[in-house]
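Q: So you can see what is in the structure, the chains are spelled out below.
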Amino acid sequence: MRFLLTIIMSVMLAVMSLSATTAQEADAFRQVLSDNYKLIQRSSTKTVSPVLEAIQNTNFQGAAEFLDKWQEKELWFRKSDNAFVYVETDDKKTYRLLDVVDGTGLGEVPKKEIKQIKPNSGVRGLLAARLVQFQLTDPDVEVRRKSLESINRDPKLEHLEALRIAIEKETDAGLLAEFARIERILTIKFDEDPAARIEALNSFSGALSIDVRASLNLLLTTKLAVAKTLPEDINIARVIVPDQTGVNPDGSAFRLHGLLDMGGDQTELTRDAAYDMLVKANLAPATIDPAARKEILIANIEDGKIGKLNVSELDSDEARDSAYSDLVLLGKAEAFLTEDEQDQLISEHIFYASYVETNQEVTDVAREVLNDINASVTLNQFFDLALDGISLASIYFLAAIGLAITFGVMRVINMAHGEFIMMGAYSGYVVQQIVPNYTISIIIGIPVAFMVTFAAGVLMERLVIRHLYNRPLETLLATFGISIALQQLAKNIFGTQARPLTAPDWLDGAWVINDVVSISWIRIAIFVLGILFFCMILFVLNKTRLGLETRAVTQNPRMAASMGIDPDKINMLTFGLGCGIAGIAGVAIGLFAKVTSELGNDYIVQSFMTVVVGGVGNIWGTLAGATMIGFLQKIIEYFNPSNTLAAQTYMIIFIIIFIQFRPRGLIALKGRAAEA
Amino acid sequence: MNGISKKLLTTALASMLATGAMTISASADDTIKVGILHSLSGTMAISETTLKDTMLLLIEEQNAKGGVLGKQLEAVVVDPASDWPLFAEKARELLTVHETDVIFGNWTSVSRKSVLPVIEELNGLLFYPVQYEGEESSKNVFYTGAAPNQQAIPATDYYLEELGVEKFALLGTDYVYPRTTNKILEQYLKDKGIAESDIFVNYTPFGHSDWSKIVADVVALGADGKKVGVISTINGDANIGFYKELAAAGVSADDIPVVAFSVGEEELSGLDTANLVGHLAAWNYFQSAESDANASFIEAWKAKMGEERVTNDPMEAHYIGFNMWVNAVEAAGTTDVDAVRTAMYGQEFPNLTGGTAVMLPNHHLAKPVLIGEIQEDGQFDIISQTAEVPGDAWTDFLPESAVLKSDWKDLECGMFNTSTNTCVQIKSNY
Amino acid sequence: MQDAVLTKFLLRHPSVLVFLGMLAVFTIGVTVLSEGFGIGVVSTSLVKTLGKTLCLALAAIAMDLVWGYCGILSLGHFAFFGLGGYMIGMWLMYARTELIVLKANAAAALPLTPQELSDAIGVQIFGVVGGSEFPAIWAFSDSFILQLLLVVLVPGILALVFGWLAFRSRVTGVYLSILTQAMTLALALYLFQNDSGLRGNNGLSGLQNLPGLEETSQADVSLWFFWGSAFALGVCYVIAKLIVESKLGNVIRAIRDDESRVRFLGYNVEGYKLFVFVITAIMAAIAGAIYYPQAGIINPAELAPIASIYLAVWVAIGGRGCLYGAVIGAIFVSLLSSFFTGGQIPNISLGFYTIQWVDWWLVLLGLSFVLATLYAPKGLGGLVDKFKKA
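Chains as they are written, first to last, in this note's numbering: chain A, -19 to 656; chain B, 104 to 533; chain C, 97 to 486.
For the record, the hints were derived by calculation from the structure and aren't laboratory data. Here a beta-carbon is modelled for each residue, glycine too, at the ideal position from N, C-alpha and C. Hints may contain errors.
To be verified - Capping the alpha-carbon separation at 30 Å, the derived lysine-lysine pairs in DSSO-like fashion look like this:
#1 B:LYS295 x A:LYS98
#2 B:LYS136 x B:LYS405
#3 B:LYS407 x A:LYS72
#4 B:LYS407 x A:LYS169
To be verified - Sample of chain B residues lacking proximity to chain A, with all beta carbon distances greater than 12 Å (derived):
#5 LYS136
#6 LYS168
#7 GLN175
#8 THR199
#9 GLU202
#10 ALA434
#11 ARG444
#12 TYR448
#13 ASP499
Unchecked claim - Restraint ranges, calculated between C-beta atoms of paired labels, are given here:
#14 B:VAL506 x A:SER302: 24 to 30 Å
#15 A:SER14 x B:VAL506: 48 to 54 Å
#16 C:PRO307 x A:ALA279: 30 to 36 Å
#17 A:ASN417 x C:LEU446: 35 to 41 Å
So here's chain A without its partners, still in its complex pose:
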């Protein structure tokens, strides 16, 4: 209570900023610092709290600034006498030192003579918590917001009072709501009046935010216990039957369904764990496990024999068991309970869990609110999963769309497709090196990437692919050769390190719908880009002269030629277009993942499968294929969250089986086009 008073007093002191610092307080402050210099220089969460309290107790006006600088890693000390200083520097070589108490200059020294103090984030959190009282009423909105955050991170009882005082003075409407929300969270946690807590609880009905759920879950923390009969005076959460009941998020129990239970629901307490509880509670004798039995056997070897048995015969569990029971009969070892006897003991006791919170009314309301929240969390999780699925699908689609043209429409097996993606990503990187503004560099980078890869595609078509149109499988080999050559070339030019391709600020961060559903802007951008390309290619292929001619050339080159279309030119342009789009996809993929020479490798097999699963020769098919693969992978990941690799494996196996049944893909071309 005295501490609380100090806090309130110092808050008031700070708020009214009355007294001029008396020399006394300054001296006390200096004394505290010099007494505790070691704990401040190498601070640890474990030891720093008393120091902080002592600093605060000096009531020195500059203490807040001191704590703030300390937190911001702006506090230094002089190596010669361990005196704490603030510093100013122009060239990072020599530093002007300022006294922490009165700000007087202490001369200029080279960097060698001073050292920066770097508190870890645990200590910084404690500092922030101390600073809350000064900052909750700070004139700067941002400072107030930050201090609210630090309260929320680690709420303390004393914060509740400070918060309630500060809330009266808050003028910013947006922040006021946040103030009120945090105040309610703290009320649930610390208030002594059950009615106030229940009111605060009810106000959170349907709230999805993590901090609210965290405070509810903490309120509903339970602890396990075992007894002969169920005690009366506890706030019981559930009765547990070993191996047969599981636990709900709200602390209640449910019965497992035995064999029918496929969902991976697990029992809360296994039989063995239950018996261990009994042993710990001194309600049953300890078990003697086989390893311990073996020790006892070894200890009792006499002349190569244990009892009447030769040591060399003890090479099976049965023999060892019988040797052990011999020892028990001889009184040389302790008997242990059989499984049945253990089961008997377990069934004679009752296992239960009780809430740590003793007020049953509060836990009842909390349970109700939490169940309500959890239901909508589950719903939102599915929505989030769907967003993830769409996002992954659009990445696959973007990676595969160029291939949908070169392979899908033209039937050229371009194994170097991945390297065109890589080339696009590196083009983006190079542009970013020349144009430092991220927004402009992306705007320039996309057309540059298109042009570079378009040109490379045209070149490749003219030099290599043109000669192999009637030998499709050999295109595969030639383009594979180009692929490894390009990959190594990229390594020789750009080195093996991953290169940064940084998104502009406006693509940073995520679109947060609520605390469960959010998606990063960069993924949204990829989605939009995918849609854009889809429409564009659909338009080009179906509504333009080039598209018409492309389709004509792929379906029957000779006929097309006799109609006055130059098949060579069309093939060249179409192939270039496919490669150019792969280049743009490269910029997008580089923005969200990484730019390395291996970038293409990650997407090439996936892209081919996307096109094949969707159905060759059809952009709609590629869209369908990407969607199916993306969603499928997310769904498998959902069921097996701890192993992403397994999800990928099962997805590919699924694709293999799928193609057996729909060899022409999801959206198959019919009639003559199918034979082309």
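Start from chain A and add chains B and C according to the hints.
A: This is chains B and C only, laid out in the frame that chain A set:
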């Protein structure tokens, strides 16, 4: 059939023999050969080329100082191309064809396991510079990187004691280092009273880039009101996507800190760290360490490789390993493997971070453990530095390893069972 | 009787004799020059490289049979190669570890129970990858004979099931290529998982150390395997030749040239294709089972799609539809690869830039694929034929 294919074969064979002979004639006694076995192509080139360059720099500097035993050092660089069987082949080539006296090399554990039988068969000497999972001890390998107790355990202690983390997400790439490290950490956390349900484990493939769901899962862990911390053993360039997603999701280091064991200056140079400030890494070395030796090492590195290049922990491991080897050779007066090995025990060399590294009889170093926070410029702010921690080949936190001990000096055994007082095996386990 | 047929066959196809003769001369030559049994000019590491190259040549013959003769461009045959390696690797690891465990426990106070023995072996094998329990797929690993049978059975059955499904639904051409690629990718990803029970990314290692023969020098062991590789290559070459020169071979070639026409003639195309697919898968598996004990380690990266593409490239460079072409291609490219990555070729300094072969070799290799497909569609074997005609 035909003369020409025969001719082709014979020429191929003849040229092979010719090169073989050439190398033999070149390996006169005027130089000491140092083999460098790092991938220069393939997936691992991204990390390993740097180490090759480091070795070349160190050898260059040593030669400028007059070499070793009055002879110049000659680097023999081969490219195992991130192909694990090729590592064994190249190691054999280095030892038998090029007759190198020592090999500095390898990055991944699997490449080390591939090389082990060859090195042991031919009694070679390998310096392995990367942090690894432990649970191994070879007579012919000196492990200059961190064992789990020199990186993972101190970092976990930091989480538990300094940050008060109560719930752990162990994210890793699906291979041996993360698997074994996480197994050790899981047991360690359970010993410290963390419930199994409060440990979330996830494994992803190499080069994974789709992180949104995993990051969302981690954020959702905080819903039960416990402080969540992430321990990342994600390898290589998968980190770039992971950190980008982390930044996009706005996960602040104050809410959910991430400590990484495989992310150093080199990896961070591939991304914009503005949104990652405050996340952590645990190593035995950071470029930002303040010491004169470090300053001159960085200066030499930048002079050779370019201003924008950074230094990292495995480079320091090679720095220490190479210098210890030089001193051991000088002490032994010969490059003979057994003599050098004996001279290695107790070798001391100053760390770049201050303090002194000591080579222990279990072929590990005693080194300080540093924890750094990522800064805006891609460097680390060192916020915690322990005293020297002796590396432990066999972890104390798994029951089957706790009884094992490695001591090549007195016990002459790398896998000594202290409960039965027997040597399980002289060769290492691979 | 059998002998008579073989003699007649050999007389009709003297090129087989030439091939076998060259193989024999090569084998004896290497043996005489080796460190193990000869004058020591050829290093053990080169013997291993040559032995492995012969295995790759065998895999290339299988690839040539399935692609060059039957027209199925399988981009997954290295999966069978790898599976063969895994099967033999399981026995090698188990047997070697069992000996170590037994030796270490020879002086133990109590004899080991079967369970304890299996646990101890499990800890030794899986301890390095963070596990300790024996997965079910290791059930037969203690028996050399059974595991040897699995070398043939596992890849064979996989090829049978996969081929039956794919051919039945008439998946052909590029689609089949991509499907086989998906198969090897799925297998590689599966094996990459630690939970697969085959030590995940680490794979099986130390395979060059034969159980019970720790004291035998690798110089000898490498030669045994070299002979084994040469023998397997010779036998499979003859088998392959027998197949392609028979009536069966004619049907297979006809399927390659026009599948529907063969079907209309009443042949069971799917059956023929399945036969070739399975028999080549088994050949690849045998090659793998001899290859990996020489390489010393097998891990999932070996099954990555790119390995199978390389296999196809060897055959293309060597010459499709020509068995010795496949052999030449495999030997030529893989030896050249190991030559260029060995750091034995001096770098070329151009003054302003130094060409380092390590950096530029892959670029050259890639471009040579392009040139080979463009200008030598029949590969090196084709050049040989041209030379012969001239």
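Q: All hints, please: hold or fail.
A: Each hint, compared with the structure:
Restraint check for LYS295 (chain B) and LYS98 (chain A): the C-alpha separation of about 27 Å stays at or below 30 Å, so the hint holds. With a C-alpha separation of about 26 Å, the suggested pairing of LYS136 (chain B) with LYS405 (chain B) holds against the 30 Å cut-off. With a C-alpha separation of about 25 Å, the suggested pair LYS407 (chain B) and LYS72 (chain A) falls inside the 30 Å cut-off, and the hint holds. Of the pairs offered as hints, the one joining LYS407 (chain B) and LYS169 (chain A) is violated, with about 60 Å between alpha carbons and a cut-off of 30 Å exceeded.
For LYS136 (chain B), the shortest C-beta to C-beta distance to chain A comes to about 25 Å, beyond the 12 Å cut-off, and the non-interface label holds. Its beta-carbon lying about 27 Å from the closest one in chain A, LYS168 (chain B) satisfies the requirement of being farther than 12 Å from that chain. The non-interface label for GLN175 (chain B) is consistent with chain A: the shortest C-beta to C-beta separation is roughly 29 Å, beyond 12 Å. The claim that THR199 (chain B) is not at the interface with chain A holds, since no C-beta of that chain comes within 12 Å of its own (minimum 29 Å).
Under the 12 Å C-beta cut-off, the non-interface status given to GLU202 (chain B) relative to chain A holds; the minimum distance is some 29 Å. Look at ALA434 (chain B): its CB is around 34 Å from the nearest CB on chain A, clear of 12 Å, so calling it non-interface holds up. Consistency note on ARG444 (chain B): stated as away from chain A, and its beta-carbon is indeed over 12 Å from all of that chain's, at 33 Å minimum. Listed as a non-interface residue, TYR448 (chain B) keeps its Cβ farther than 12 Å from every Cβ of chain A; the least gap is roughly 33 Å.
At the 12 Å boundary, the C-beta of ASP499 (chain B) stays outside the reach of chain A, the nearest C-beta of that chain being 18 Å off. VAL506 (chain B) and SER302 (chain A) have their C-beta atoms about 28 Å apart, which keeps the hinted 24 to 30 Å range intact. A beta carbon spacing of about 50 Å between SER14 (chain A) and VAL506 (chain B) agrees with the range 48 to 54 Å that was offered as a hint. Judged by the Cβ atoms, the range 30 to 36 Å given for PRO307 (chain C) and ALA279 (chain A) holds: they are separated by roughly 35 Å.
Under the hint 35 to 41 Å, the C-beta atoms of ASN417 (chain A) and LEU446 (chain C), about 38 Å apart, fit the expected range.
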